[in-house]
Amino acid sequence: MLTMIGKRLMFAIPSLIGVVIVTFLLTRALPGDPAAYFAGPAATKEAVEQIRKKLGLDKPLIEQFFRYTNDLAHGDFGNSLTTGQPVAAEIRNRLPASAELTLLGLFVSIVIAIPLGVLAATRPGSWIDHLCRITTTAGVSLPVFFTGLVLVYVFYFRLGWSPAPLGRLDVFYSAPPTVTGFYLIDTLIARDLEAFRSALSQLILPATTLAIFSLAPIARMTRASMLAVLASDFVRTARASGLSPGTVIVTYAFRNAMLPVITTLSMVFSFLLGANVLVEKVFAWPGIGSYAVEALISSDFAPVQGFVLTMAVMYVLLNLIIDILYGVIDPRVRLEG
Amino acid sequence: MKRRDFLKSVTGVAAGALVPAPAIFSPAKADARSETLLIVSEGGPNNLDIHGVGTNVPGYEVSWNCYDRLITHEMKSGPGGVPYYDRDKFKGELADDMKIDDMSVTFKLKKNAKFHDGTPVAAKDVKWSLDRAVSVGGFPTFQMSAGSLTKPEQFVVVDDNTVRVDFAKKDRLTIPDLAVIVPCVVNSELVKKNASEKDPWGLEYTKQQTAGSGAYKLSKWTAGTEVIMERNDAWVGGPLPKIKRVIWRMVPQAGNRRALLERGDADISYELPFKDFQEMKANGKLNVVSLPFSNGIQYIGMNVTKPPFDNPKVRQAIAYALPYQKIMDVVLFGLANPMFGASADKATEVAWPQPTKYSTDMAKAKALLAEAGYANGFETTISFDLNFAGVNEPLCVLVQESLAQIGIKATINKIPGANWRTELNKKEMPLYTNVFSGWLDYPEYFFYWCYHGNNSVFNTMSYKSPEMDKLIDGARNAASTGDKAAYDSDVKGFVDLAYKDIPRIPLYQPFVNVAMQKNISGYQYWFHRRLDYRALVKA
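Taken in order, these protein sequences are the chains called H and W.
Position one of the first sequence corresponds to residue -18 (our numbering), numbered consecutively onward.
Position one of the second sequence corresponds to residue 54 (our numbering), numbered consecutively onward.
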């Protein structure tokens, strides 16, 4: 197992180098001029030049690149101009916020989607199959920001059940001391139940929004995969041998149907993590997606590069975890690997 | 891990998460609420020091409230009875006394003024701060130069409590320029301790924390998320503010900012769409204050160096073809001052901004275009800044439609915010809309930047006219020597000329809109258009 992990990490190095070069060039190819942008509305030409010099943007591209890679090698991702903070620190602070939200959303989604998919597959054409089809179609066809806004409108503005969409904690609570960066866990470690409750209630609406969106791929994939497995010989044998339907479906069919579902889960997770910008915007969530987009809008190079690099590393790790999970779930994969 | 264990542990976690969290409520929360002001806005600061590199506008708000200046403006009653800063009246903030001589001004500092860390404010701090403002380059240095404050030698320490500012030349804007945000007084010893060889002015240090003597001090700043400020109970710059704590949260979604206000969770917000402001005004649940930008105009600019806009007749034709009233109604929902359609016999005033005599008249526009030799129209592009797309986009669509009626085919060119200034600096866009407003509310100041032949960045049209330059220079001179008759005639002269040559067509004077709960009072309009927490009261 260790050799496999080592090998996989080795393979990832060239792609990471590629990512570094491509993001560097791409951000430089953006049309905006950061010096003019950050010199402010009242800047003269000389002021713009002064800023350019301070930012090191007057140097030739190749020199900028070497400086950048050198900083990177020292763990320095550079400074964001829009927020004024070091990029590494910002990503460290914001990644847990996005991850907590995404994981919870994904979790809610799994809890609903997998049983729904399994039930739909065991009774194709029944009302539950139609329910599955309708929910997934609705979930995937409603844009996330729309679902988010509707939820805010109904549960916060109209009913007043949900707290104000003001980020991770109510305004009057202070954040727990950082251990994992996940407020739900950190508040419990700090034994601050009040803050835990606040963090959880802030999470419910955005997590639901994400869950609604990610229901579709998971439920559909579970259903399709289950249908294929249920039609296979070993299930027929199991049924013919008189095993109870529950044992057949859960123990034999479901386990074998899980591989494609796990793959879908990893895809959905990484997609959500980077692409839940809109949810973060709607709920004023201090996540990594909105950070990257804001940086992009103001052609703030450092955060964009840092974001892409972090995401690349995350993808590599995620794929690795999924591969290991495959082995845990299906011993055949382990043998072949 | 065995696969059975794995599957089991997954279901275990699922079951654990279903246990509901205990409901606990805190009475302390309600108390904190009544002494705290919760502001929600779209963007937050990127730097807490206005002297920093590329500090954005929200950063100015922190500087304004956390730092003091030598002097500040008095308040007067503005439009609708809202307190409005008085351009011509000054009072001391850190200074007790201001004595203006022929070529210098001397300030005596308040004896009991202290920085947030307890160090007394001394003359050397003032000198160091003003030196810093004229030396760091970029926006602060540029703003100082607008008041002819350019060299550190101009700031002289007379004794521990007295500072003299020497004038480089006579300039009416020198004193007002000492009351803008930039010449703030920084705790020089504290910042010097945290400065380095590479960063002699300690900009990296003051970027993250405030080092002033102002009415509020920063207690926490999470970039892009929130800024928390506490009242400085030892403040001597004015009466002690009523609000103890200010929490300023960034809420990017405008709809949610409105929801927060209407639900009563947030106290104040700005930067909402005009439609929301108009609806909130109409339903009366909140206080909505709308005040015109001092010295600000949204305009249509034309590049006068290239055909077809090098021909004044074409420019006048455009000025008659614009859908002014439609823009006011559809884009701004009436929340702006019209800058068009003055009656033909109205005399030019010694004031800025003032309406032009142009109004929508398609027949006249067509005739002028034909006279200029473009009877069949022409093709051009109209550009705007996407950062302000909420106003700019519908505005440009309306202009496009209108111009089509006189045969001008204009393609809309949307420019991303990061690129907008680069494009403006190039001075190549043939037709565009933009807004300009000056902190210093003087007509000659506006004209010097926007119409003078020295072709500053704001003269986006590349307009050059010796006659105009003579009038602007004349007015500046007359203002510094106090020659009112010459000043008045020069101001009227350059306004008339600007409207005859019409290189840029004024559309309207924008409003700054602020919505707040009914129990919030004391809002003051400042030239910088950001909030002054010091005067706000929460009942």
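Hints listed in this document are in silico derivations from the structure and should not be mistaken for laboratory results.
Fair warning: this is a prediction, and the values are worked out from it, not measured in the lab.
Check each hint, because a few of them may be wrong.
One-sided excerpt, in silico: chain W residues whose CB lies under 10 angstroms from chain H [as the list claims (entries may be wrong)]:
| # | residue |
| --- | --- |
| 1 | G112 |
| 2 | I300 |
| 3 | R302 |
Backbone N, C-alpha and C define an ideal beta-carbon position, used for all residues, glycine too.
Open item on the list: Please list, smallest to largest, the hint numbers that this structure does not respect.
Closed with: none
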